[in-house]
Amino acid sequence: MPDEKPKPNFGNVKSGGSSTAPAAPASPTPTSAAPAATRTYTVVAGDSLSKIAKKFYGEGNKWKLIFEANRDTVKNPDLIHPGQVLKIPEA
Amino acid sequence: MFPHSLRIGSFVTVLTIGVALTCLSGCKRSEDAPAAPAPPAAPQAQAFHVIRVDVGNAIGADKKVTAPSASFKPTDTIYASVLSEGASAKVDLSARWTFEDGQVVNEATQSIAPTGPAVTEFHISKPDGWPAGKYKLEVAANGKPAGTAEFTVTN
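Keeping their order, the protein sequence lines are chains E and R. Using the working numbering, the letters of the first sequence map in sequence onto residues 980 to 1070. Using the working numbering, the letters of the second sequence map in sequence onto residues 41 to 195.
Keep in mind that the hints were calculated from the coordinates and are not lab data. Just so you know, even glycine gets a beta-carbon here, dropped at the ideal spot from N, CA and C. You may find that some hints are simply not true.
Interface residues of chain E toward chain R, partial, derived using beta-carbon atoms under 7 Å [to be verified]:
no.: 1; residue: K993
no.: 2; residue: S994
no.: 3; residue: G995
Under the rule of at most 20 Å between Cα atoms (straight-line distance), these lysine to any residue pairs were calculated in the SDA-like manner [claimed, not checked]:
no.: 4; chain 1: E; residue 1: K986; chain 2: R; residue 2: A180
no.: 5; chain 1: R; residue 1: K113; chain 2: E; residue 2: F989
no.: 6; chain 1: E; residue 1: K993; chain 2: R; residue 2: P185
no.: 7; chain 1: R; residue 1: K176; chain 2: E; residue 2: N991
no.: 8; chain 1: E; residue 1: K984; chain 2: R; residue 2: G173
no.: 9; chain 1: E; residue 1: K986; chain 2: R; residue 2: S134
no.: 10; chain 1: E; residue 1: K993; chain 2: R; residue 2: A186
no.: 11; chain 1: R; residue 1: K174; chain 2: R; residue 2: D116
no.: 12; chain 1: R; residue 1: K113; chain 2: E; residue 2: V992
no.: 13; chain 1: E; residue 1: K986; chain 2: R; residue 2: A98
no.: 14; chain 1: E; residue 1: K984; chain 2: R; residue 2: T194
no.: 15; chain 1: R; residue 1: K130; chain 2: E; residue 2: G996
no.: 16; chain 1: E; residue 1: K993; chain 2: R; residue 2: T115
no.: 17; chain 1: E; residue 1: K993; chain 2: R; residue 2: G169
no.: 18; chain 1: R; residue 1: K176; chain 2: E; residue 2: K1066
no.: 19; chain 1: R; residue 1: K176; chain 2: E; residue 2: V992
no.: 20; chain 1: E; residue 1: K984; chain 2: R; residue 2: T192
no.: 21; chain 1: E; residue 1: K993; chain 2: R; residue 2: S134
no.: 22; chain 1: R; residue 1: K104; chain 2: E; residue 2: S994
no.: 23; chain 1: E; residue 1: K993; chain 2: R; residue 2: T138
no.: 24; chain 1: E; residue 1: K993; chain 2: R; residue 2: K113
no.: 25; chain 1: R; residue 1: K174; chain 2: E; residue 2: F989
no.: 26; chain 1: E; residue 1: K986; chain 2: R; residue 2: K104
no.: 27; chain 1: E; residue 1: K986; chain 2: R; residue 2: V144
no.: 28; chain 1: R; residue 1: K104; chain 2: E; residue 2: G995
no.: 29; chain 1: E; residue 1: K1066; chain 2: E; residue 2: P1004
no.: 30; chain 1: E; residue 1: K984; chain 2: R; residue 2: A98
no.: 31; chain 1: R; residue 1: K113; chain 2: E; residue 2: N988
no.: 32; chain 1: E; residue 1: K993; chain 2: R; residue 2: S165
no.: 33; chain 1: E; residue 1: K986; chain 2: R; residue 2: P108
no.: 34; chain 1: E; residue 1: K993; chain 2: R; residue 2: K130
Using the sequences and the accompanying hints, generate a full structural model.
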């Protein structure tokens, strides 16, 4: 009976990459509805995500919506900087 | 008599100077206005194509593999640099890494919009080390084979 060699597990391989060429714009997702306009907000001194959420949604506890929409630039929800531009998703 | 000769002499002098000035200014004009060079040929947009795929265990700031190699240690991060030329509004550049009999190690795609020569790097690492054996990298541009590289990992 042949002794079959177990296959290695590559499940934990980490990968990445980058290019000197600019990234291609993402293809627009086909949709029947008109895309919602993207709102942005520029952080000013004294702002917090909950203050901004209250300003846009009327409820400070909706700050997570903003945090989730800006995970690429906001790593810590307690740390935003004046001048930072945040995407404000629809509530 | 004398005044008449003087007038003729003056006239000849003035005429000579005038001719000389005309010649000089004419010559200068021709120096200032050289023949118009032929207009350069309109640059032709070069279609995107991959020139070369290199693998190594490090890349430089230009994203090129610093020392291409075909042999790696289990602890190495393996980098692949894809050198390309040409422009395209969008190219899906993919890297498919396989082990020995074709077992897929990793697949990744980058969408780029090159405007000329470009270097795109892919890298893979395995925290618990690469199994020894033969590996292959296949690079494709928009799904079409564009280059390959083979390497081994030895303990």
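Hints, verified against the model:
1. K993: At about 5 Å, which falls below the 7 Å cut-off, the nearest Cβ of chain R leaves the hint on K993(E) intact, so it holds.
2. S994: Nearest chain R Cβ about 5 Å off; hint holds.
3. G995: holds (6 Å)
4. K986(E) with A180(R): violated (26 Å)
5. K113(R) with F989(E): holds (16 Å)
6. K993(E) with P185(R): violated (23 Å)
7. K176(R) with N991(E): holds (18 Å)
8. K984(E) with G173(R): OK: K984(E) and G173(R) at ~13 Å, within 20 Å.
9. K986(E) with S134(R): violated (24 Å)
10. K993(E) with A186(R): Cα-Cα ~23 Å, so violated.
11. K174(R) with D116(R): holds (14 Å)
12. K113(R) with V992(E): Satisfied, since the Cα-Cα distance of roughly 15 Å is no more than 20 Å.
13. K986(E) with A98(R): violated (28 Å)
14. K984(E) with T194(R): With a Cα-Cα distance of about 17 Å, the restraint between K984(E) and T194(R) holds, given a limit of 20 Å.
15. K130(R) with G996(E): Answer holds: K130(R) to G996(E) is near 17 Å, not above 20 Å.
16. K993(E) with T115(R): At roughly 13 Å apart (the allowed maximum being 20 Å), T115(R) and K993(E) satisfy the hint.
17. K993(E) with G169(R): Holds, at roughly 11 Å.
18. K176(R) with K1066(E): Answer violated: K176(R) to K1066(E) is near 42 Å, above 20 Å.
19. K176(R) with V992(E): Within the cut-off at roughly 15 Å; holds.
20. K984(E) with T192(R): Satisfied, since the Cα-Cα distance of roughly 18 Å is no more than 20 Å.
21. K993(E) with S134(R): holds (16 Å)
22. K104(R) with S994(E): holds (17 Å)
23. K993(E) with T138(R): Measuring from Cα to Cα gives roughly 14 Å; hence the hint holds.
24. K993(E) with K113(R): holds (16 Å)
25. K174(R) with F989(E): holds (14 Å)
26. K986(E) with K104(R): violated (32 Å)
27. K986(E) with V144(R): holds (11 Å)
28. K104(R) with G995(E): Roughly 15 Å separates the two Cα atoms, so the pair holds.
29. K1066(E) with P1004(E): At roughly 18 Å apart (the allowed maximum being 20 Å), P1004(E) and K1066(E) satisfy the hint.
30. K984(E) with A98(R): Between K984(E) and A98(R) the Cα gap is close to 31 Å, so the pair fails against 20 Å, i.e. violated.
31. K113(R) with N988(E): holds (17 Å)
32. K993(E) with S165(R): holds (5 Å)
33. K986(E) with P108(R): violated (28 Å)
34. K993(E) with K130(R): With a Cα-Cα distance of about 25 Å, the restraint between K993(E) and K130(R) is violated, given a limit of 20 Å.
Comparing the model with each numbered hint stated earlier shows that hints 4, 6, 9, 10, 13, 18, 26, 30, 33 and 34 do not hold.
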